[in-house]
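Q: Next come the chains, spelled out residue by residue.
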Amino acid sequence: MGLIFFILFSATAVIASLLAVTRREPIYSVLFLVLTLCATAGLFLMLGAYFLAVLQVLIYAGAVVVLFLFVVMLIRREDTDKPRFPGLQAKIVAPLVAVLLGLPLLFSLWMRDGSEGREASGTLLPSGGETASIGRALFSTHILPFEVASLLLLVAVLGAMALARERK
Amino acid sequence: MMTGIGPYLVTGVLLFTIGLAGVLMRRNLLIMLVSIEVMLNGVNLTLVAHSRQLGDVTGQVLVLFAMLVTAAEVAVALLVCMMLYRERGSLDVDIFSRLKG
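Chains D and P supply the protein sequences, listed in that same order.
Per my numbering, residue 36 is the first one in the first sequence, and the count goes up by one each step.
Per my numbering, residue 55 is the first one in the second sequence, and the count goes up by one each step.
It is worth saying that the hints were derived from the structure and are not from the lab.
Hints are supplied without guarantee of correctness; some may be wrong.
[What the hints assert, rightly or not] The calculated SDA-like cross-link candidates involving lysine to any residue, where the alpha carbons are at most 20 Å apart (straight line), are:
1. Lys126/D to Leu138/D
2. Lys126/D to Phe142/D
3. Lys126/D to Arg59/D
4. Lys126/D to Leu78/P
5. Lys126/D to Glu60/D
6. Lys126/D to Val77/P
7. Lys126/D to Phe40/D
8. Lys126/D to Asp148/P
9. Lys126/D to Leu68/P
10. Lys126/D to Leu133/P
11. Lys126/D to Val49/D
12. Lys126/D to Leu109/D
13. Lys126/D to Ile50/D
14. Lys126/D to Ile90/P
15. Lys126/D to Thr57/D
16. Lys126/D to Arg81/P
17. Lys126/D to Leu53/D
18. Lys126/D to Val123/P
19. Lys126/D to Arg58/D
[Unchecked claim] Per the computed footprint, the stretches of chain D lying under chain P, defined by three or more beta-carbons under 8 Å from a beta-carbon of chain P, are:
20. 42-53
21. 60-72
22. 131-144
23. 190-200
In this text the structure is predicted, and so the values were computed from the model without any measurement.
For each residue, glycine too, the CB sits at the ideal point set by N, CA and C.
This is chain D alone, in the form it adopts within the complex (with noise of 0.2 Å):
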């Protein structure tokens, strides 16, 4: 039953990124976002990751594709995205760059999987993910962090008030 799911998500994951990343019209590719981010919600939730998995859909498939949308009904159409170098170049190069950075992170995360940690047997622990660890690691452990967090988005708020005025 596992497996079922986890093949569902993750070939739902993967399948729809390719399609975000292909697609001409932007609009396409931010509407396969969301499908890749929910199937990664999925995937959370498969993990465990209760609490990220209900983030993951309200902040990410929320309220970022929501801000990529309003972009993408602000700006007209354009037929002009060809590919970035002339020729063969962008359509063989890049994947083939991406791959060759692909399959040693591939192969250095398969080699260690299971080498090191404290289970092996992949029976997974009682996971943690729940709000209430988080919520406990949040504001004992990473106190510091989360305001950092907290003056960050208050910075990128300000920020981009500012650049908005200074065009008018």
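Please build the complex by placing chain P on the supplied structure of chain D, with the hints as guidance.
A: Same frame as chain D, but now just chain P:
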């Protein structure tokens, strides 16, 4: 039930690689930002998988911060997108290679 987190890591790496290919391949600034989101998503998945494997909640806290930073980043990046679009009438990154001042 599956054993281990290997499949999750593979999915994360696939997402990261796809996003990287998108950033390298596309010229539309907006779609490049979407690709960056896909990359971040792959990294987040890897972090959550490792957090689960180690039974340590720190990885999930890190993902939480990554989400917050992403939200801030996207807000500013899209605003800059809009300003560049108003300036140049296009989101083609090649045009922006001639930015000055």
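Q: Flag every earlier hint the structure violates by its number, smallest first.
A: 2, 7, 10, 12 and 18
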